[in-house]
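Engineer: In the working numbering, the protein residues as written are 41 to 149.
I should point out that these hints are in silico values taken from the structure, not numbers from a laboratory. C-beta atoms are modelled at their ideal positions from N, C-alpha and C, and glycine is treated no differently.
Subject to a maximum C-alpha distance of 20 angstroms in a straight line, what follows is the list of computed DMTMM-like cross-link-like pairs (lysine to aspartate or glutamate):
no. : residue 1 : residue 2
1   : 83        : 135
2   : 83        : 136
3   : 62        : 97
If you anchor each label on the Cβ, the simulated ranges turn out as follows:
no. : residue 1 : residue 2 : range
4   : 113       : 135       : 30 to 38 angstroms
5   : 52        : 118       : 30 to 38 angstroms
6   : 108       : 133       : 36 to 44 angstroms
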Amino acid sequence: MLSDPGVYALALVAAWCIGLSKAGFSGVSMISIVLFADIYGSKASVGLTLPLLIAADLMAYPAFIRHGSWRPVWGLLGPALVGIALGWWVLGFIEEGTARQLIGSCVLL
Numbered sequence: 041m042l043s044d045p046g047v048y049a050l051a052l053v054a055a056w057c058i059g060l061s062k063a064g065f066s067g068v069s070m071i072s073i074v075l076f077a078d079i080y081g082s083k084a085s086v087g088l089t090l091p092l093l094i095a096a097d098l099m100a101y102p103a104f105i106r107h108g109s110w111r112p113v114w115g116l117l118g119p120a121l122v123g124i125a126l127g128w129w130v131l132g133f134i135e136e137g138t139a140r141q142l143i144g145s146c147v148l149l
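Could you put the whole structure together from the sequences, leaning on the hints where they help?
Structural biologist: Right, here's the structure in full:
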């Protein structure tokens with residue numbers, strides 16, 4: 041399945057959606073989450089999407105350094121770390137089908 045050119049095209053579209061979401065179209069990132077979950081499976085897609093989002097943030101950082109404020113970031117850092125730890129814990133014991141339903145529910149909400 042991963043050697044199919046269509047899979048590479050879908051992965052490219054998903055990565056492009058992540059970049060587009062960092063350019064100001066935040067809702068487009070939901071498309072990438074669904075595409076990566078379909079290509080790589082729900083659990084693996086979480087481990088793949090987070091580093092891509094972090095890399096996209098690091099690329100966008102120089103463009104927004106003058107216009108940003110670190111105060112809100114520091115306030116959100118604690119809850120973000122708790123959410124990452126909770127997600128890691130939950131994905132450690134649920135099955136692939138349940139993870140797919142959980143990701144789908146989060147995308148729809």
